[in-house]
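Undergrad: With the hints as a guide, dock the two chains, each given alone in a separate frame, to form the complex.
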Amino acid sequence: MSRSYLLRRITLAIPSLLAISVILYTILALAPGDPLGDIATNPNVPPAVQLALRAKLGLDDPIWQRYLHWLVAMLQGDWGFSFTSHENVATLIMQRLPVSLALFGCSEVLAVLVAVPVGVLGAARPYSLFDMITNTIAFFGFSLPTFFTGLVLILVFSIKLGWFPFVFESNVTAHGLAWWWIEFKQSIMPIAVIGLFQGASLVRYVRSSMLDVIRLDYVTTARSKGIGSRRVLIRHVVRNGLIPVVTLVAVQLPQIFGATIITEQIFRVPGIGSLLISSILAADTPVVMAVTFVYACLVVLLNLIADMLYVWLDPRIALR
Amino acid sequence: MSGSIPASPSVEAIGPAAATAPRATAPLSPSREAWRRFRKHRLAVISLVVLALIVLGVLAGPLLWPTPIDAIDFTSMLQGPSWAHPCGTDAIGQDLLARLMYGGKISLAVGVAAMLVAVFVGMLIGAISGMASGRLDAALMWVTDMFLSLPQLPLLLLLIYLFRPALQSVLGEQGGIFVLIVVVIGGLRWMPLARLVRAQFLSLREKEFVEAARALGASKLRLVVRHIMPNAMGPAIVAGTIEVANAIIAESTLSFLGVGFPPDVPSWGRMLYDSQDYLQIAPHWALFPGSAIFLAVLSINFIGDGLRDAFDPRRVI
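In order, the protein sequence lines correspond to chains A and B. Under this note's numbering, the first sequence has 164 at position 164, and the numbering climbs by one with no breaks. Under this note's numbering, the second sequence has 271 at position 271, and the numbering climbs by one with no breaks.
To be clear, the hints were calculated from the coordinates, so they are not data collected in a lab. Virtual Cβ for every residue (Gly too), placed ideally from N, Cα, C. Hints should not be assumed to be uniformly reliable.
Stated by the list, open to error - Where chain A lies over chain B, by a calculated footprint (3+ residues, C-beta under 8 Å):
no., stretch
1, 148 to 154
2, 170 to 184
3, 246 to 258
4, 276 to 282
5, 293 to 299
In isolation and in its complexed conformation, chain B is listed as follows (with noise of 0.2 Å):
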């Protein structure tokens, strides 16, 4: 009898035969699973590959397309889509390919730096709140359900009409908003990823693993560092993701309402700000960068999707 009953009867009998059951061949590392799981997903692969030609575009296209983004040509103004000009031209018949092509550029790395910004906040945050329990904790998580509360759109409008002058006037006309707009876009969109970090936090700390690691005598922040965090980066990947997408429509609803970028600075949204008058006569000033935007959220929200199946173990696809 003695030191035969097991300390948990189901975690050994279930154990050996899940681990071995659906694993008839070669075992995957964690990696090659997630990519197993996410090639399932099939919009999730397609649009991986839509996103990598956006990215490709806007980065190589202009080596192919060498019109500068501001040769203003009055003898084609607001021309439809064209040989010499594939996505037209718009009011002062500049090209439109080009511009959409810089405006990509923008676009999307105010949507990755946006997400840096909300990421390393929100995972800051959430760390914090999830190690620490008791007030700070509480605190923490009461100033996150307030920014939650906050309206952003006027927030947001407020913060850049008030501080634009002095930042432009400090890293010039460009650096100045791009570094406001990617600021304080990822400033207000933080929350749900630190409330998503302290819940994985909360349930992973303890767990058993934590437990072994704390008992072999590693510091707080080696237990966070090298085994909380990498096993809380999963949703944590999914959430980022998603926050590129919603920081681009940020940025280009910003840029819409006339109060982002400046008219030099074609960014998707400021292309479609300055094509809303000619809507009747160039609609295609507007629809291509429309386009353009919605392409590229609607395929990194199903790549965020394809990431949730990958991560999640749980689901069974």
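Chain A extracted, bound-state conformation (with noise of 0.2 Å):
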């Protein structure tokens, strides 16, 4: 990979994400409500003060100016207050990050595991008993709400076989392979709930994008030459066939980060989902804005990531 291509997506992605600070600050200078809030309808506070507090705050400024200092806020980690527990949004959203990501990375590769062999499985042999099987059980699994799976997986599992707990526990106290034990007790279900929902939809995309290729005439060829199938299907087929697959789980990031806010909340995981959650009923607006905004950013760093991905696994596609 080039590094003027790296070079060349970083600046694309530099403006996507400008605009979808625009996008964000539209819609808090649109909605309706009066930032001072209880000062403005105060008649206690004279309006003299009103107007030097709006003044001092920039409020009577140009919207443009006012996107500007909030940008410029943003970008040097200057995030605000918490209306309601007054901490740092920043370290706020540092503490819970972790969390939300870990959830994220392992639920992905879950998700993977179990798609790719299916799909490729499938594919192999298009419209056999195993392929109709899987596509039934794939389409079952991405009709399903995830907060539904999670109800269902907690009454089963917490309640009904009580193997494993239903609320995450934050400061596990014991150390070593205890740790991991406990750690892996509680975050299986959120894991399962998140993996098999992303499973489900890529099951299919991987099953259609091994079938563009196994027509392919490299394959027959490969076929020809008296290679065995098992070796033509993993080391012809396989490669090739999953380099689409890459950009579809990029583009689907926008979902699945649903997915993680839902299952969050269920299993109470100390994550950004959830902060957001609970800083939308508490109506904790800088913490709201926050959080969608990182939400934005890592949608945008990991298409960059797929991106490069692609560019590393196909290097035809630099060159366009």
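TA: Structural data, given as structure tokens:
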């Protein structure tokens, strides 16, 4: 991968991040309600003081000026303070981000581990019994809303069977193997919910992408040279067929973040998703804005990584 | 020699043969042909029946089961299914069957309305982008890609959180949240459709029949409305169908997270939200609305898959 392509891709990501920040800021600016809140309606605050306060906070500046102020503050990591806990928003998010990323990463790995073999085997024998059954199961899988699967898993494995705890413990005191065991037990359900949902929609992409490749001439050539069918599948078909799947995973990212938010909320995982929900319910605007912005940045960043991966896997792309 | 060489030999040679060969019986109209293809997808047909039953139950059910949705009965709280309450009761003794039917109406209405918004915006942007090549096209596609990379759920939550009070004061408690949810879900889900319609337009506008219509002096609007749009409808219908399922899930998600409909409007997601704390003692409360969402979404997805088979003539079934 050439360095110029990398640079070009990064410079393309910056405008989209800026545009997202413009959209976010416009939403906030268009939203009804006075930012001064109580002070604006409080009759004890004289109008002169209100005006002075507005001028000091820059509320009467033109909108682009306010946007620039906000953007500069965001970029400098000055994200304000939470209305409810009075903590610095940046530290609040940094505390919770690792958990969310770990949950996201593990479930993505699970999704790929499930989807790739199933999709490949299904495409190897299209319309076979295995293919039909997995296809139907995949349909069931992505039609099941994650919040419902989460509740059913809790009902079966926590309440009826008592195997796993249904409230995520953030401060596990145990050490060594015991720590891993507790973490494993409490994260397996959230990971399964997101991973299987994502895997179900991935299976169909993997399958159709494999089917596109399996018909190509070079596969026939490989077969006619007498290479075993398993070897052709693994060495020739899968390696090329999986390339588009990388992009499809990236395209689905916004949806997956939705699933992680819901799952964090159900299992009380202390990540940024549950932070977002609790701040919305508590009308904690600085935190809501910051978390949404973090999610937007994550989407852009992961898309960028997916593009890099794509070029690394298929060098022809960068030449275009 | 003169005039004996056809302009496109392959078309002349294959055309009549291909047109007559598969049609041993009477020719079918396009819609009959689509229906014939749709019927071959067995799960899609079953799903059509299931969805019809759900719609019927939601619309006609309240006539047969006239229990009001807000009749509080403290003598029967959190009861499982029984003859008096086929789906059990909730924490203040309200009948769950009645609430399920009411909630179904809300969820399906939100799904269809949000789909219409998404389809309208998507087709408009896709059509404009597909017809106007050049800078406008590039700009519109950039905006579409932008929207595609927005984090959907956080943005949905943010929009509803910010705009709910204002809309509710204008349109009333329920009307405000309904309009808001529909517009916001539809407004964040049009992008795949816009790209699909644009792709269709790009290939269709170069086709001979469009060329012919243009040569006959058809205006651009007429070209789009009479010639291109009808041929681009197939994929749009498929995408629109699946959009209903997505919108139902989106609405349920919002209500499940407690930012959708208020408690006195028992949409399916809202019922799940209320039932969470009673999962241990009253699992039926969560299972009925959850299964309802699942069944509705699954059947719509299968119907979408069947329609894809039906509208894609290239696909061999």
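Undergrad: Cut-off 8 Å, C-beta pairs, minimum 3 residues; does the coverage of the stretch 148 to 154 of chain B by chain A stand?
TA: Holds: 7 residues of the stretch 148 to 154 of chain B have a Cβ under 8 Å from chain A.
Undergrad: Verify the coverage statement for the stretch 293 to 299 of chain B against chain A, using a C-beta to C-beta distance below 8 Å and requiring 3 or more qualifying residues.
TA: Answer holds; 4 residues pass the 8 Å Cβ test.
Undergrad: How does the coverage statement for the stretch 276 to 282 of chain B fare against chain A, requiring three or more residues with Cβ below 8 Å from a Cβ of that chain?
TA: holds (count 3)
Undergrad: Tell me whether the statement that chain A covers the stretch 170 to 184 of chain B is true, taking a Cβ distance below 8 Å and needing three residues at minimum.
TA: violated (count 0)
Undergrad: With a Cβ-Cβ cutoff of 8 Å, does the stretch 246 to 258 of chain B contain at least three residues near chain A?
TA: Our answer is that it holds, as 6 residues pass the Cβ test (under 8 Å) against chain A, meeting three.
Checked against the numbered hints given earlier, the structure breaks only hint 2 and satisfies all the rest.
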